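Residue numbers (the UniProt record's numbering), protein chains in the order written: chain A, 1 to 485; chain B, 1 to 485.
The hints are simulated quantities; they were obtained by calculation from the structure and are not laboratory data.
In this text the structure is predicted, and so the values were computed from the model without any measurement.
Yeah, the Cβ is synthetic: ideal placement off N, Cα and C, and Gly gets one too.
The reader is advised that the hints may include incorrect statements.
Okay, derived cross-link-like pairs now, DSSO-like style, lysine-lysine, Cα gap no bigger than 27 Å in a straight line [stated by the list, open to error]: (1) B:LYS154 to B:LYS189; (2) A:LYS156 to B:LYS40; (3) B:LYS156 to A:LYS283; (4) A:LYS344 to B:LYS154; (5) A:LYS31 to B:LYS154; (6) B:LYS355 to B:LYS295; (7) A:LYS302 to B:LYS40; (8) A:LYS265 to B:LYS156; (9) A:LYS41 to B:LYS156; (10) B:LYS344 to A:LYS156; (11) B:LYS265 to A:LYS302; (12) A:LYS156 to B:LYS327; (13) A:LYS156 to B:LYS283; (14) B:LYS31 to A:LYS154; (15) A:LYS302 to B:LYS302; (16) A:LYS302 to B:LYS344; (17) B:LYS302 to A:LYS265; (18) A:LYS355 to A:LYS422; (19) A:LYS154 to B:LYS156; (20) B:LYS154 to A:LYS26; (21) B:LYS344 to B:LYS355; (22) B:LYS355 to A:LYS156; (23) B:LYS40 to A:LYS40; (24) B:LYS295 to A:LYS154; (25) A:LYS265 to B:LYS355.
To be clear about the criterion: a stretch of chain A counts as covered by chain B if any three or more of its residues have a C-beta under 8 Å from a C-beta of chain B, and this derived list gives those stretches [said to hold, decoys possible]: (26) 57 to 65; (27) 105 to 117; (28) 137 to 150; (29) 191 to 199; (30) 332 to 340; (31) 349 to 360.
2 protein chains.
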Amino acid sequence: MEMGSGNNEKAGILTRGWRWMKDLPKNSFTKGVEIARQTKKIGQDDPRRVIHSLKLGLALTLVSLFYYFQPLYKNFGVSAMWAVMTVVVVFEFSVGATIGKGLNRGLATFIAGALGVGAHYLASMTGKVGEPIFIGLFVFLQAAVTTFIRFFPKVKARYDYGLVIFILTFSLVSISGFRTDEILDLAHKRLSTILVGASTCVIVSIFVCPVWAGEDLHNLVADHLEKLGNFLEGFGEEYFAGSVEAEFKDNKSFLVGYRSVLNSKTTEENQANLARWEPGHGKFMYLHPWEQYLKIGALTRKCACRIEALNSYLNSEIKAPEEVFQKVQEICTIMSKESGQALKELSLAIGTMTKPSSPNRHIVNSTTAAQNLESLLKSGSWEDINLRQLISVAAVASLLIDIVISVEDIAESVTELATLAKFQSPELTVPESKIPSNAGISTKQLQVQDCPRVIISINLTPATDEVHQSQFQDSNQEAKQNVQV
Amino acid sequence: MEMGSGNNEKAGILTRGWRWMKDLPKNSFTKGVEIARQTKKIGQDDPRRVIHSLKLGLALTLVSLFYYFQPLYKNFGVSAMWAVMTVVVVFEFSVGATIGKGLNRGLATFIAGALGVGAHYLASMTGKVGEPIFIGLFVFLQAAVTTFIRFFPKVKARYDYGLVIFILTFSLVSISGFRTDEILDLAHKRLSTILVGASTCVIVSIFVCPVWAGEDLHNLVADHLEKLGNFLEGFGEEYFAGSVEAEFKDNKSFLVGYRSVLNSKTTEENQANLARWEPGHGKFMYLHPWEQYLKIGALTRKCACRIEALNSYLNSEIKAPEEVFQKVQEICTIMSKESGQALKELSLAIGTMTKPSSPNRHIVNSTTAAQNLESLLKSGSWEDINLRQLISVAAVASLLIDIVISVEDIAESVTELATLAKFQSPELTVPESKIPSNAGISTKQLQVQDCPRVIISINLTPATDEVHQSQFQDSNQEAKQNVQV
């Protein structure tokens, strides 16, 4: 019996081995197709990746010319390989990262090289026996201290790479000094080749299809606002459409787009750190207020968190009965839709770098709706309803009220950005003069709790709507002339 | 008038300059004290940072011995500086990161070195004119292709550094080949010095006060669960204590501890990637299920998001009147406290690597409370209450129900981890036999909606409590003997 099972096992292994061999061409082909598909996707998702790869190849080829041409090679000799190394490690995807790394590497090499030479001379004064001991001590101390400094958060954010290169160069120069007398020449060659490599990187990075970290951050923040806007715009109808469409909900990408916002903190902070290295470009000045984007980002994530809580009610089975729906549906749908549109308008304002309209009519509408919801709840026409059935709707309504407040905070923050970054005013200036922006009418003051009886005439809406359209579509010739004067 | 203002300005600048000079010693002193304070804090927050700094110094000093001692220097010559460089760039805070970088650097150097030598011989066959052209072409192509491969997410997570070193070494070896005939010697020296440097790093990293990325991830996940538990434990009493203590709430750190959980995704993913490089150590096997920690982390963040929504009600001014409070207060406080305790028990189970009790009594309690809340709401004794005043309490109750479900998901995920990682059973095994873990009684089945009439006898609680206490305090001698058999 046991032998039989042993034979079976052997046969099983052979069969499996044979099958694996037979399937090998098919499997390899499948894998090849999969890799090709993924390659295409990565290239299509962001074509700048392909360009970046070619740019690195270009920079590397340029620097390697030092080896090929006799006159260039004569100056640097074998040290020219430092230039090649520099290109490989310094060349990054965005201009900011490349400049940051290049400056860090250049400055750190300069300072550490000078200190290393100093340490070498200091140690060499102690004689043949003392020299290695002193150099060893210097290397140990500077490495330990510099490594500890790397843990300071502010230093880590901007100068981490510089400190690594500092340890590297100091050690190299001071240790090499023990063996070669041409220590000054070594330090000088290392510095100049690194400068050649780093400046090649920076030049290629800036002048061949540049990728600006600041612009990416700018677009990312605008994109996140739009994603939240998309969710809110669609939520009201989706929620009140009932559970019939439940199975289709997972396919609706606009309802899950907000999820990428939740974990965006690290990306945004990185981009902001890199953006600070970048010179002025396009519509961005040198000292563009990148910090403010982080503030907007934090508020956006807070709002996204509330949306995450709201989202759980989309798939929840506890739904209030029709009767309650009909009363609340209209108001909640307005709140959701209007705050969604407000977010999308803010996103567009950032995207086009124009001042957001203030007060924003969508925020005013959503605030009014929130007040109406309160009045409806106060009216007391609910007494015959089972409370358990109302609880889900009450939670949705309460979250929506919170989201309206959250959107107001975002709007305030975007307005602050518009001021700091000197965004252009919308092209049509006449209706703006009717509602002076410095009159102190903040939408914050129209909040749910603070003033329960604000009546906003609906007559204003068409006028504001007109501003809104002409502002972004440039359809109004007169408006254009106004600006050109 | 203008001249006057000019003079004033000049005087102003002089005054300011003088004041700055006068304040310089004081300012420098203040700044010095500030830096000293921050240094102390960074060291105290994680003393392993100080040790890491000293370890790097040690590794660097060890490697620099190659320069000092003639017999060692004879083998490597000037190339010994590659070993120094390797130590500086490979030595990282955790063992996983150091091994990962060391392996990446070693393997990439080996493969790229071999290919570089091959490319050099291939190009040299084309003659004096063709050689630089072909080498340039090879360098350009491999740099562009390898850079593009770095964009693949899976490759980026584990082999990013290896690819950079691949480009570096291939370029260095193939380009150097154009100028020096000792290309094989160059490739060989580069490889052996890098291996010396990398293995020094790995040895120091493992044998001198090791910092394991896996252990950090393990503790981080347990710590996050505890933070959420702390919030929930305190929330009920805090919320129903009324607005009297509102001004003290900001000082209560346990109420804001959960915030660090929200943005933990990147850290956790990094740690998991690094942990995969680590050999088995302490209680962790080589193939510890690090992926499962990421799943628990994702569920924890989902729960934290709901807690963030809940937290906004702590500071909200809209509070239901006393009458409603008295009825709901007790139940909500139980739900919050019990799910908080459930989370803390799960955190402890991870921390001590013991199987969490199943079904968890705290989860059962909170589920029961959720059912009681429903019954209370269904009883219809609420008809005379203003609905607007109820809405905030309803939202809190609804969020708490969601959180109870969320905690159940986390408990399930932790149980899965306990199975995958073969956590030990609690020391006292007798009561466990009464509730067999494979009986299929999942807490999931006790959910709010699915079975509205589950009655759990309160008599079970003291017995379970006993298990719980003896499990972690080792107070029961008999239990200890049970295990030693």
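Status of each hint after checking the structure:
no.: 1; hint: B:LYS154 to B:LYS189; in the structure: violated, 31 Å
no.: 2; hint: A:LYS156 to B:LYS40; in the structure: holds, 17 Å
no.: 3; hint: B:LYS156 to A:LYS283; in the structure: violated, 32 Å
no.: 4; hint: A:LYS344 to B:LYS154; in the structure: violated, 33 Å
no.: 5; hint: A:LYS31 to B:LYS154; in the structure: holds, 15 Å
no.: 6; hint: B:LYS355 to B:LYS295; in the structure: holds, 17 Å
no.: 7; hint: A:LYS302 to B:LYS40; in the structure: violated, 33 Å
no.: 8; hint: A:LYS265 to B:LYS156; in the structure: holds, 20 Å
no.: 9; hint: A:LYS41 to B:LYS156; in the structure: holds, 16 Å
no.: 10; hint: B:LYS344 to A:LYS156; in the structure: violated, 33 Å
no.: 11; hint: B:LYS265 to A:LYS302; in the structure: holds, 16 Å
no.: 12; hint: A:LYS156 to B:LYS327; in the structure: violated, 53 Å
no.: 13; hint: A:LYS156 to B:LYS283; in the structure: violated, 32 Å
no.: 14; hint: B:LYS31 to A:LYS154; in the structure: holds, 15 Å
no.: 15; hint: A:LYS302 to B:LYS302; in the structure: holds, 13 Å
no.: 16; hint: A:LYS302 to B:LYS344; in the structure: holds, 25 Å
no.: 17; hint: B:LYS302 to A:LYS265; in the structure: holds, 16 Å
no.: 18; hint: A:LYS355 to A:LYS422; in the structure: holds, 8 Å
no.: 19; hint: A:LYS154 to B:LYS156; in the structure: holds, 26 Å
no.: 20; hint: B:LYS154 to A:LYS26; in the structure: holds, 23 Å
no.: 21; hint: B:LYS344 to B:LYS355; in the structure: holds, 14 Å
no.: 22; hint: B:LYS355 to A:LYS156; in the structure: violated, 39 Å
no.: 23; hint: B:LYS40 to A:LYS40; in the structure: violated, 51 Å
no.: 24; hint: B:LYS295 to A:LYS154; in the structure: violated, 31 Å
no.: 25; hint: A:LYS265 to B:LYS355; in the structure: violated, 34 Å
no.: 26; hint: 57 to 65; in the structure: holds (count 5)
no.: 27; hint: 105 to 117; in the structure: violated (count 0)
no.: 28; hint: 137 to 150; in the structure: holds (count 8)
no.: 29; hint: 191 to 199; in the structure: violated (count 0)
no.: 30; hint: 332 to 340; in the structure: violated (count 0)
no.: 31; hint: 349 to 360; in the structure: violated (count 0)
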